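**Student:** Sequence:
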Amino acid sequence: MRAMPIPAQFLDEPLPAEPLALAADWLEEARRLKQQPNPDAMTVATVDADGRPSARIVLCKEIVARPGYLAFYTNYESRKGRELAGQPRAAVVLHWDHLHRQVRIEGRVVRAPAAESDAYFASRPWQRRIGAWASAQSRPVGSRGELEAAVVEVAQRFGTPVPGPEHASIDPGLVIPRPPHWGGYHVWADSVELWVEGESRIHDRARWTRTLAAGRGDGTSAFVPGPWAVTRLQP
1 MRAMPIPAQF
11 LDEPLPAEPL
21 ALAADWLEEA
31 RRLKQQPNPD
41 AMTVATVDAD
51 GRPSARIVLC
61 KEIVARPGYL
71 AFYTNYESRK
81 GRELAGQPRA
91 AVVLHWDHLH
101 RQVRIEGRVV
111 RAPAAESDAY
121 FASRPWQRRI
131 GAWASAQSRP
141 VGSRGELEAA
151 VVEVAQRFGT
161 PVPGPEHASI
171 DPGLVIPRPP
181 HWGGYHVWAD
191 SVELWVEGES
201 RIHDRARWTR
211 TLAAGRGDGT
221 SAFVPGPWAV
231 TRLQP
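Heads up, the sequence shown is in the working numbering, so the first residue is 1 and it goes up one at a time.
Take the hints with a grain of salt, since some may be wrong.
Here are the computed lysine to aspartate or glutamate pairs in the EDC-like style, where the Cα-Cα straight-line distance is at most 16 Å [unchecked claim]:
{"#": "1", "residue 1": "Lys-61", "residue 2": "Glu-29"}
{"#": "2", "residue 1": "Lys-61", "residue 2": "Asp-25"}
{"#": "3", "residue 1": "Lys-34", "residue 2": "Asp-97"}
{"#": "4", "residue 1": "Lys-61", "residue 2": "Glu-28"}
{"#": "5", "residue 1": "Lys-61", "residue 2": "Asp-40"}
{"#": "6", "residue 1": "Lys-61", "residue 2": "Asp-118"}
{"#": "7", "residue 1": "Lys-61", "residue 2": "Glu-116"}
Calculated from the structure, these hints are not laboratory results.
Please read all numbers here as calculations on a predicted model, not as lab measurements.
Taking the hints into account, I'd like the entire structure generated from these sequences.
**Tutor:** Below, the structure written as structure tokens:
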């Protein structure tokens with residue numbers, strides 16, 4: 001039996017002063033309700049040196065309302081990683097049909113601290129850790145067989161079974177370190193838009209903006225944010 005849709009709950013009046021706290025609440029509610037296969041699914045758009053955009057889906061692992069960034073993890077040498085190295089800004093979108101809600105964030109991007117990336121990598125299933133070592137993400141590969149051979153080579157190097165359905169329940173209990181080419185990013189928001197679906201396409205929209213001054217340079221204190229300014233937008 002299909003779950004009934006949740007009635008839309010419009011933004012408060014006056015609008016909240018801190019948009020990312022509300023966005024984080026929305027994300028947690030989407031996770032709790034489990035009505036979408038991947039409530040963490042998030043589009044990340046980047047641009048290359050010529051201004052050509054590209055977008056893909058990653059998993060939003062956390063929204064840190066204060067000081068105001070979100071975190072995701074990927075291969076630093078992937079296309080998005082290379083583009084972020086040259087143009088360290090991104091636009092992201094989270095959309096939940098069953099909640100009638102959408103979050104859009106734009107901002108500046110820095111790498112997460114190494115210790116944070118190490119901790120998250122260690123929490124991943126061992127099969128995914130093997131995959132992170134084996135895949136040169138976004139690079140050409142001659143065949144599926146070549147990729148599978150790379151997985152076998154990495155599994156042998158670390159002394160694990162070859163990842164597959166027959167080994168899904170096995171935990172070899174081995175330490176598999178984080179590859180130097182893999183880790184987290186923090187997207188520091190300087191623009192946040194919250195959207196709630198309305199009847200007859202009379203949606204509820206608001207946009208918050210702020211400035212980001214240079215901070216100490218690491219992922220959790222890379223910027224010193226200014227206060228948010230907010231305005232409602234027509235749908």
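**Student:** Look at each hint and say if it fits the structure.
**Tutor:** Cross-check of the supplied hints:
no. : hint             : in the structure
1   : Lys-61 - Glu-29  : 14 Å, holds
2   : Lys-61 - Asp-25  : 13 Å, holds
3   : Lys-34 - Asp-97  : 12 Å, holds
4   : Lys-61 - Glu-28  : 11 Å, holds
5   : Lys-61 - Asp-40  : 7 Å, holds
6   : Lys-61 - Asp-118 : 14 Å, holds
7   : Lys-61 - Glu-116 : 12 Å, holds
Going through the hint list in order, the structure satisfies each hint without exception.
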